[in-house]
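**Student:** What follows is each chain in one-letter form.
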Amino acid sequence: MGEEGVALLVKSAEEASYKGFQLLLGQLDRIRTIKSKLELFASLYQNCGLGIIYFEKLNPKGGRIASVSSHHVTGWLAKHGRRQTPGCHFTRGWIAGVLEVIYDRPLGSYAVEEQTCKMTGNEKCLFKVRER
Amino acid sequence: MPIDGIKIVQAVMEGSRIRDAKGIIPTFGVYLSLFFVDYYNQLSFQFEKIWGNNRREEAAHLLVQAAQECGYATFQGIRNSWEWEKLVQPMIETHEDQILGFTALAEAFGWGGLEVMELVPERELTIKVTDSYEATGYLERYGQAGSGKCYMLQGVTAAFMDLLYGEDYPEGCFTFQTVETRCRAKGDPFCEFLAKKVG
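If you read the protein sequences in the order shown, they are chains A and B.
Here the first sequence is numbered in our numbering, starting from 1 and rising by one per residue.
Here the second sequence is numbered in our numbering, starting from 1 and rising by one per residue.
Please keep in mind that the hints were generated in silico from the structure rather than gathered at the bench.
In this text, a Cβ means the ideal position worked out from N, Cα and C, and glycines have one as well.
Misleading hints may appear alongside valid ones.
Taking lysine-lysine pairs in the BS3-like style, the calculated list, with each CA pair at most 25 Å apart, reads [claimed, not checked]:
1) B:Lys49 with A:Lys19
2) A:Lys57 with B:Lys22
3) A:Lys37 with B:Lys22
4) B:Lys22 with A:Lys79
5) A:Lys35 with B:Lys22
6) A:Lys35 with A:Lys128
7) A:Lys124 with A:Lys79
8) A:Lys128 with A:Lys37
9) B:Lys186 with B:Lys196
Output of the computed footprint for chain B on chain A, the stretches with three or more beta carbons under 8 Å from beta carbons of chain B [stated by the list, open to error]:
10) 14-25
11) 38-47
Partial list, computed: chain B residues near chain A (C-beta under 8 Å) [what the hints assert, rightly or not]:
12) Arg19
13) Ser33
14) Phe36
15) Phe47
16) Ile50
Produce the complete structure using the sequences and hints provided.
**Tutor:** Have a look at this one:
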C-alpha cells in the first residue's frame, strides 16, 4: 500500500487519540494550563507502555518533539532490524491528536513529520509539527 | 488442578503496572501497550474499505493472517516466559490445558470474554467470545455487517491451535484456519470461532 498505508496508520492513531483524549481531558477540569496538559500526556505515553516522549519546543503553530524510547521502535528492531526510512507512524498520529486536543483545534489541524528515527539508527526519534 | 483464569488475569494486571526505565511494559515475555481500541478498529475496517468491494475478502484474509502470525509469535513468547513457568505451568495437567491459559491471558489483554466451547485434540477448537471489541467497533461505526468482522480473534484462535498441534515453532504457523461462525456485528448474540486443520 506504500504511502497510502502509512497515511492510514497515522490517521487512525490521530483520530483515536483525538477522540479518546478529548473525552479524558473533559473529565479533568483541574488540569488547565498548557504546561500541565503537556506533562499529563507525556506521563500517559509512558504509563501506557508506549515509551518516553519530550515535548521540547511547542506553541499553537507547531514545534518539536523527541522520543528516546518507544514501544514501536523496540518491537520493529526486534523483529525486522534497521530500516531505511522513519517508521514511527503511530507516534506521528498520536502527537497530532494530542496537540489538537491541547490547543483546542479541529481534527486534522497538525501535520507531524518524523525527521530522525531510531529504527534507521539515529539516537532518538525527532518529530516536527506544523499547522496544516 | 484446573486452570484458574482469575489468577492469570490478576497476574497480568499486576505485571502491567511495571514500567521499565524506557517506558516499556515487559510482562509474560512480551511488550504490552495500552491504547484506545478505536485505533485498531479504524485501521482494520478502513484497510478493508480501501481495498474495495471486489477485494474485500482478500483484505479480510490478510488481516486474519496478520493476527494469526502475531498471535503465534506472541503466545509462543508468553508460554516461554518466567511468569508462565511460575504461574500457569503448575496448573497445566494436559497438553490441551494450555488453551485455557491462552484464553485467560487474552481476556486480561481486553480482547473480550473468551470461553472454550469444544476442543478436539489435533483437529478443531471452538471459542465463544462475548464483548469482542471488533464487533462492537464495527456496529458503532457502520451498523450491522453482512459477515463476521472479528479478524484479530479469528487469527488468534487458529494461532492457539498452531502452537499446540502445528510443527515446532516457528514452522507451525497457518496449520489451522478459522471461520467466524457467529458474530455480534452481523446480529448474532455472541461471536464464535471454529478453527480447523487446513487440508
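**Student:** The structure should be examined with respect to each hint, and the outcome stated for every one.
**Tutor:** Results for each hint:
| no. | hint | in the structure |
| --- | --- | --- |
| 1 | B:Lys49 with A:Lys19 | holds, 21 Å |
| 2 | A:Lys57 with B:Lys22 | holds, 21 Å |
| 3 | A:Lys37 with B:Lys22 | holds, 21 Å |
| 4 | B:Lys22 with A:Lys79 | holds, 18 Å |
| 5 | A:Lys35 with B:Lys22 | holds, 22 Å |
| 6 | A:Lys35 with A:Lys128 | holds, 19 Å |
| 7 | A:Lys124 with A:Lys79 | holds, 19 Å |
| 8 | A:Lys128 with A:Lys37 | holds, 19 Å |
| 9 | B:Lys186 with B:Lys196 | holds, 22 Å |
| 10 | 14-25 | holds (count 5) |
| 11 | 38-47 | holds (count 3) |
| 12 | Arg19 | holds, 6 Å |
| 13 | Ser33 | holds, 4 Å |
| 14 | Phe36 | holds, 4 Å |
| 15 | Phe47 | holds, 6 Å |
| 16 | Ile50 | holds, 7 Å |
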